[in-house]
Amino acid sequence: RKEVEQDPGPFNVPEGATVAFNCTYSNSASQSFFWYRQDCRKEPKLLMSVYSSGNEDGRFTAQLNRASQYISLLIRDSKLSDSATYLCAVNNDMRFGAGTRLTVKP
Amino acid sequence: DAGVIQSPRHEVTEMGQEVTLRCKPISGHNSLFWYRQTMMRGLELLIYFNNNVPIDDSGMPEDRFSAKMPNASFSTLKIQPSEPRDSAVYFCASSFWGEDEKLFFGSGTQLSVL
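Chains as they are written, first to last, in the numbering used here: chain A, 1 to 106; chain B, 1 to 114.
Derived from the structure by calculation, the hints contain no laboratory data. It is possible that part of the hints are untrue.
[Claimed, not checked] Just so you have them, the derived chain B footprint on chain A, three or more residues with Cβ under 8 Å:
id, stretch
1, 42–56
2, 94–106
[Stated by the list, open to error] Taking CB as the label site, the calculated pair distances span:
id, chain 1, residue 1, chain 2, residue 2, range
3, A, Ser81, B, Met40, 24 to 32 Å
4, B, Glu18, A, Lys79, 42 to 50 Å
5, B, Gly16, A, Ser52, 46 to 54 Å
6, B, Gly16, A, Ala17, 46 to 54 Å
7, A, Gly54, B, Glu14, 46 to 54 Å
8, A, Asp57, B, Pro81, 40 to 48 Å
9, A, Gly54, B, Gly16, 50 to 58 Å
10, A, Arg66, B, Gly98, 18 to 26 Å
11, B, Glu14, A, Glu15, 42 to 50 Å
12, A, Lys45, B, Glu14, 27 to 35 Å
Backbone N, C-alpha and C define an ideal beta-carbon position, used for all residues, glycine too.
Produce the entire structure from the sequences given, and follow the hints as far as they go.
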């Protein structure tokens, strides 16, 4: 089993839709969790950290479920500019999931 | 701050040649990571350093790959000899470990081995 696994995608949604991604991790001792965004032919960039209590940044909400060992990212009112690949990263050695491709269409 | 700087941006070489990728982390960061990204395998961690010391190199594919960090401001990833299956985008990233652990990536090196 991979240490970090993500929904395979791709997700194709219309503008304004709500979309959610999940990411599961195998190491129960993991402490740090992050979501990164990667545009085509660009480097990954930090989108948001994931805190135990859950956190929100505008249209984006990240949550952590330690019991089931997964993190989630919810995007509300999706925009065309949200089209990208979303990568989750877990723990001190920063291993990434394979990424989930999102395309928001007009 | 200039961010993480990688060079070269693109490298095209022939099988069997030595390839050296370079990285300058963000000043003040104490951890440096090398990743490889392909469509098939995603973003793979190759090796990371903490305070210039290699901590985990379990992701290094084989002995043809080696990485060094002689000081806090410079790291290299070397492939010798290179093979076509090494073709990928290689990213370097740095962070301040012990604080927020957020990674900042360089623009990557697109390596093509013919």
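To see whether the hints hold, each was checked on the structure:
1. Here's how the stretch 42–56 of chain A fares: 6 of its residues keep a CB closer than 8 Å to some CB of chain B, so the rule of at least three is met and the hint holds.
2. With 6 residues carrying a beta carbon less than 8 Å from a beta carbon of chain B, the stretch 94–106 of chain A meets the three-residue requirement, and the given coverage holds.
3. Between serine 81(A) and methionine 40(B), the C-beta spacing of about 28 Å keeps the proposed range 24 to 32 Å intact.
4. Taking 42 to 50 Å as the suggested C-beta distance range, the pair glutamate 18(B) and lysine 79(A) conforms, at roughly 45 Å.
5. A hinted range of 46 to 54 Å for the beta carbons of glycine 16(B) and serine 52(A) is consistent with their spacing of about 50 Å.
6. Distance hint check: the CB atoms of glycine 16(B) and alanine 17(A) are about 50 Å apart, consistent with the given range 46 to 54 Å.
7. Remark: the range hint 46 to 54 Å for glycine 54(A) to glutamate 14(B) is upheld by a beta-carbon distance near 51 Å.
8. Range check, aspartate 57(A) to proline 81(B): Cβ separation about 46 Å, and the 40 to 48 Å hint holds.
9. Here the CB-CB span from glycine 54(A) to glycine 16(B) is close to 52 Å, well matched to the stated 50 to 58 Å.
10. Evaluation of the 18 to 26 Å hint for arginine 66(A) and glycine 98(B) yields a pass: the beta carbon distance comes to about 22 Å.
11. Against the hinted window of 42 to 50 Å, the Cβ-Cβ separation of glutamate 14(B) and glutamate 15(A) comes to about 47 Å, which satisfies the hint.
12. For lysine 45(A) paired with glutamate 14(B), a C-beta distance near 33 Å keeps the hint of 27 to 35 Å intact.
In terms of the numbered hints stated before, the structure departs from none.
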